Amino acid sequence: IYTSQGLRDRRVRLSIEIARKFFDLQDMLGFDKASNTLDWLFTKSKKAIQELEKAAQSSKKKNKSSSSTTKSFSSYSSECEEVVSPQRAEDSDAGKQTTVEKGKKESRE
Numbered sequence: 001i002y003t004s005q006g007l008r009d010r011r012v013r014l015s016i017e018i019a020r021k022f023f024d025l026q027d028m029l030g031f032d033k034a035s036n037t038l039d040w041l042f043t044k045s046k047k048a049i050q051e052l053e054k055a056a057q058s059s060k061k062k063n064k065s066s067s068s069t070t071k072s073f074s075s076y077s078s079e080c081e082e083v084v085s086p087q088r089a090e091d092s093d094a095g096k097q098t099t100v101e102k103g104k105k106e107s108r109e
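In the UniProt record's numbering, the protein residues as written are 1 to 109.
In short, the hints are calculated from the structure, not lab data.
The structure displayed is predicted, hence computed values, not measured ones.
Even for Gly, the Cβ is constructed at its ideal location relative to N, Cα and C.
No incorrect hints appear here.
Cβ pair distances, simulated, as ranges:
| id | residue 1 | residue 2 | range |
| --- | --- | --- | --- |
| 1 | F23 | N63 | 35 to 45 Å |
| 2 | K33 | R8 | 10 to 20 Å |
| 3 | Q5 | E53 | 25 to 35 Å |
| 4 | R11 | K64 | 33 to 43 Å |
| 5 | L52 | R8 | 19 to 29 Å |
| 6 | F42 | D9 | 13 to 23 Å |
Please take these sequences and the hints and turn them into a complete structure.
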């Protein structure tokens, strides 16, 4: 994948539970590469991803129209606290993680 620092090999860390689900799905699909499984997942999730994009755009428009007081409070809050999702908290458990190499495209787009 190309980043601002050039071509980089990127990896994804998965919890044991998620890795098992991922590889079980890969086996069911009969794929030999993780990239094929991820492509299948993205294709099947296309509608949900589009809905998230619309919600994000709507949220941005809503935030732009809010008052300056709300904006400054929101900015202050984001600097003072970190939001940790339950999934992220699970993933931080180093004893239960595995590393999965993200598949590489032949063309290196």
